[in-house]
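There are 2 protein chains.
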Amino acid sequence: MEKIILASQSPRRRELMEMLGLPFEVMVSEAEEKITGTDPAAVTEELSARKAAAVAAEIQEGIVIGADTVVALQGRILGKPADRAGAEAMIRSLQGQSHMVYTGVTLIRKRDGHTEARTFSEGTRVHVAAMSDSEIQAYLDTDEPYDKAGAYGIQGIFGKHIAGIEGDFYNVVGLPVHRLYQELKKLGDKQLFFAKK
Amino acid sequence: MEKIILASQSPRRRELMEMLGLPFEVMVSEAEEKITGTDPAAVTEELSARKAAAVAAEIQEGIVIGADTVVALQGRILGKPADRAGAEAMIRSLQGQSHMVYTGVTLIRKRDGHTEARTFSEGTRVHVAAMSDSEIQAYLDTDEPYDKAGAYGIQGIFGKHIAGIEGDFYNVVGLPVHRLYQELKKLGDKQLFFAKK
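Residue numbers (numbering that gives the first Met the number 0), protein chains in the order written: chain A, 0 to 196; chain B, 0 to 196.
Please note: incorrect hints may appear among the correct ones.
When chains are identical, the list treats them as one kind, so a pair holds in a single copy or across two.
As a list, the in silico EDC-like pairs of lysine to aspartate or glutamate whose alpha-carbon atoms are at most 16 Å apart [stated by the list, open to error]:
{"hint": "1", "residue 1": "Lys185", "residue 2": "Glu134"}
{"hint": "2", "residue 1": "Lys184", "residue 2": "Asp132"}
{"hint": "3", "residue 1": "Lys184", "residue 2": "Glu134"}
{"hint": "4", "residue 1": "Lys2", "residue 2": "Glu57"}
{"hint": "5", "residue 1": "Lys79", "residue 2": "Glu182"}
{"hint": "6", "residue 1": "Lys79", "residue 2": "Glu143"}
{"hint": "7", "residue 1": "Lys184", "residue 2": "Glu1"}
{"hint": "8", "residue 1": "Lys184", "residue 2": "Glu14"}
{"hint": "9", "residue 1": "Lys147", "residue 2": "Glu24"}
{"hint": "10", "residue 1": "Lys109", "residue 2": "Glu134"}
The hints are simulated quantities; they were obtained by calculation from the structure and are not laboratory data.
I would like the entire structure built from these sequences, with the hints used as guidance.
Below is the structure:
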């Protein structure tokens, strides 16, 4: 069976990979973070391709999975907040609105001296409930906003402010699990998924 | 602060409760499982009320949370499969379709000799991708289907077959976290959520 390599150090992505039911390894290599576009979905695709390519350059055979996730409000990417004021501005802009989370994924397969690559992205709509001043301040008093793009994680205590989503939940967490599975089926051998253990 | 009691032994519900950021205890009491209706949402409400009432009967003060979750396809509740054939029939009926997952919740507050209760339910639509025979058999070969209503859990390896959802993801896991939070705010004191620790 071909080796599958996740080019991401995110523990959450590692957990999501488990859903595929395939053995995989983690390998991360320095990738250029410079981006050339501004469209959120295109940016995730570009960064996923760089991450996958950096790892693929170091192996002879296998399937490398690179991924990048962004939070976008009205087409504008929200990064990690610099400080409390930055986090507050983000939460104020997200509350009472819906926004998009995009994850771009690149699969690079190296085999018999050939390389093939496939890049795609998926968007999930997230509806954040209206929040009162006290709710915003209570949230900013926690550690949660400060190391996260868009100042929130859907799996943390911000979850109670999320009224609903449309699309793949796991895409918001960091990998579009269903789409990734479909694409791996196309790229990989049938035996990848249906070999008896 | 009033005591909050989760009337459920489910480890997943316990994890979801953590999102509320409130201290709580777990206490479970034997509740009559007999139901009188057939409407899936109404059934979850009825069972949540029984579970909450059984625990509320044993306490003097506090807020008890009872919950019940069902998987419903075209208005019909899917229980736990009896065996492999039953699981196969369920998965064949769910694949390539969308279905609903309902969680009913009852809050019972006891204070100063008074009791007030509130029951609600929430539905989330789940889209399951079309599955091939090999995919269905590979899934039935795992342990996952056999102890779960509807023969699947959204957080397990079946996740890769879920194309998307509409609504609260956590409602599918076992508690409509956002709605529960809103209802607790109505039922509880303001201090429940905004007291400085």
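Worksheet item: Can you list which hints this structure breaks, lowest number first?
Response: Numbers 5, 8, 9 and 10 - these are the hints that the structure violates, sorted from lowest upward.
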